[in-house]
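Protein chains: 2
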Amino acid sequence: MTVDVVILTMSAGTIHVLLVRRGEAPFQGMWAIPGGFKRPTETLDEAAKRELVEETGVDAASLLTQFGAYGDPERDPRMNVVTVGYLAVLRDVGAIEAGTDAADASLVPVSDVLKGTIDLAFDHLRIVRDALERVRVELEVSGIATAFVGATFTLAELRAVYEAIWGVQLDAANFRRSIVAENGWVIPTGRRARPGPAGGRPAELYRAGRAWSYGGPIHRLQRTAERT
Amino acid sequence: MTVDVVILTMSAGTIHVLLVRRGEAPFQGMWAIPGGFKRPTETLDEAAKRELVEETGVDAASLLTQFGAYGDPERDPRMNVVTVGYLAVLRDVGAIEAGTDAADASLVPVSDVLKGTIDLAFDHLRIVRDALERVRVELEVSGIATAFVGATFTLAELRAVYEAIWGVQLDAANFRRSIVAENGWVIPTGRRARPGPAGGRPAELYRAGRAWSYGGPIHRLQRTAERT
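Protein sequence lines, in the order shown, are assigned to chains A and B.
Mapping of the first sequence onto the working numbering: position 93 corresponds to residue 93, and the numbering continues sequentially without gaps.
Mapping of the second sequence onto the working numbering: position 78 corresponds to residue 78, and the numbering continues sequentially without gaps.
What the hints contain is simulated information worked out from the structure, not anything from laboratory work.
This structure is a prediction, so every number in the text was calculated from the model and none was measured.
If you anchor each label on the Cβ, the simulated ranges turn out as follows:
#, chain 1, residue 1, chain 2, residue 2, range
1, B, Glu97, A, Ala151, 54 to 62 Å
2, A, Glu133, B, Arg176, 31 to 39 Å
3, A, Ser11, B, Gly99, 51 to 59 Å
4, A, Val108, B, Val81, 31 to 39 Å
5, A, Glu133, B, Glu74, 29 to 37 Å
6, B, Val81, A, Arg136, 31 to 39 Å
Far from chain A, some chain B residues (derived; all Cβ distances over 10 Å):
#, residue
7, Ile96
8, Thr189
9, Leu205
We treat Cβ as the ideally placed atom computed from N, Cα and C, and that holds for glycine.
Here chain A stands alone, though its shape is the one from the complex (with noise of 0.2 Å):
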C-alpha cells in the first residue's frame, strides 16, 4: 500500500508539476511523483504528507486532498501494491530539497509530462493526468483558480490559470464579465499591481472571496424550512 503526491503550482505563466528522480529501483533514475509506502501506525493523510516532506522538503500541510485509487495488478513489477493518490495546488511550493530515496527533486512544466518529454515511472502519467482532470472540473464548480495566485491578483493573472489549465485562450473582456458578474467570488481591493514595463494604466488587484461557488440549478441554501 503506498501514497503518491501531485503537487501543482503556477511559474512564469504554466503549470509545473513537483517531480523526483528515483535513487532505488525499480525504475531508478526515472522521474516519479513523490509517494512512498504507508507505515502500519499511520493513516493515509499521514503517509502523504510525511513523504512529500521526506522526497522533497515540501510541506502541503493539510491541502492534501485524494483523488483516487490504483490498484490494476500490473502497475507495479515488484508486486501487487495499491496506491491512493493525493493532489494540492500551491501558491508557493518553497525551497525544494530532495531526500530519503529521491535523488533529485523539481518542478517540472506539466505539459513536458503530457507530451512524454518527460517519462514518468510506474502508472504516474496516468495519475498527473487524473489530478490535472480533477483540477479542470474543479475550474468549472470551486474558487480553487484562486489557489495558483497570489494573494492578491489581477484579473489577467486569474484568467492566466484557466486558461493554462483548460488548454484554450479566453476573451479578456468576456472573462471580467464573467468574473465580476459573479456577485462575492473575487473582491477587489482597491489598489492597483505597478505598471508593467510597456506603461499603461495599471490593472486592479483583486482578492478571492467566497471559496465555493456551486451553481447547480437548486442550491442547498435555498430551503424554506429545516426538517424538524
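Put chain B on the given structure of chain A with help from the hints.
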C-alpha cells in the same frame, strides 16, 4: 486491501442503503456494507463489482465510482487493512440475494443507520456518511437527482429526492421555477402521471435532460479560440 460498496436507492420516498449481515468474524452477525478483499489479479473496480454481486446479487455494472480510501490503523481489528469506498445510485436494485460470506442482505432506510438504530461493522458508518455527503454535493452541481427517480418523473418526485438527501423541505413553487429556469435540465414529455387517489389534475411527466450541469462563474465551453 479491501473494497466496500455503498448502494443508494429511493424506496417509499426515503433513501435506502444496501446492507449485508456478516456471516463471519470479525463483527459476525452485524450489518455492514458489502465488500471484501481485492484479489491480486483484478483491478479495484473489478473487485467492487464482484464483491457486490457475490454478497447481494446486485449488479451495479459501470455505475460504481470511487469516492475515498480509508486507512486509519485501527479501522480493522484483524490487521492493517486499507479499503477503497465505491458508490452507486441505482433506480432499481433488482432482486437481492445474499451469498458467500453474507448471511443476509437487505435495503435499510439510511436514516436508521445515521441515527444508530442499526450499528454497522468496522468504520462503515463513516463510509456511508462520506458517500451521502458526496451525493449531497453532487446534487448541487449535477443531475444525479434524476438517478433516484424513474425514466419519467413528476417534479414532486424529483423534489422528494432533494428533500430526502438534504434533509430539508423545499417550497414546491420555488422548486418548479428553479428547475424549469435551468433550460434543458429536465425535459417535458408532454404526458401526465396517472391521477392520485385524491383526484385533481395529474402532474406533468419529465425526463432527465443533460446529465451534468456545472455552474461555476466560468464554464469550460466558454471558449473564444482553441489554443493551437
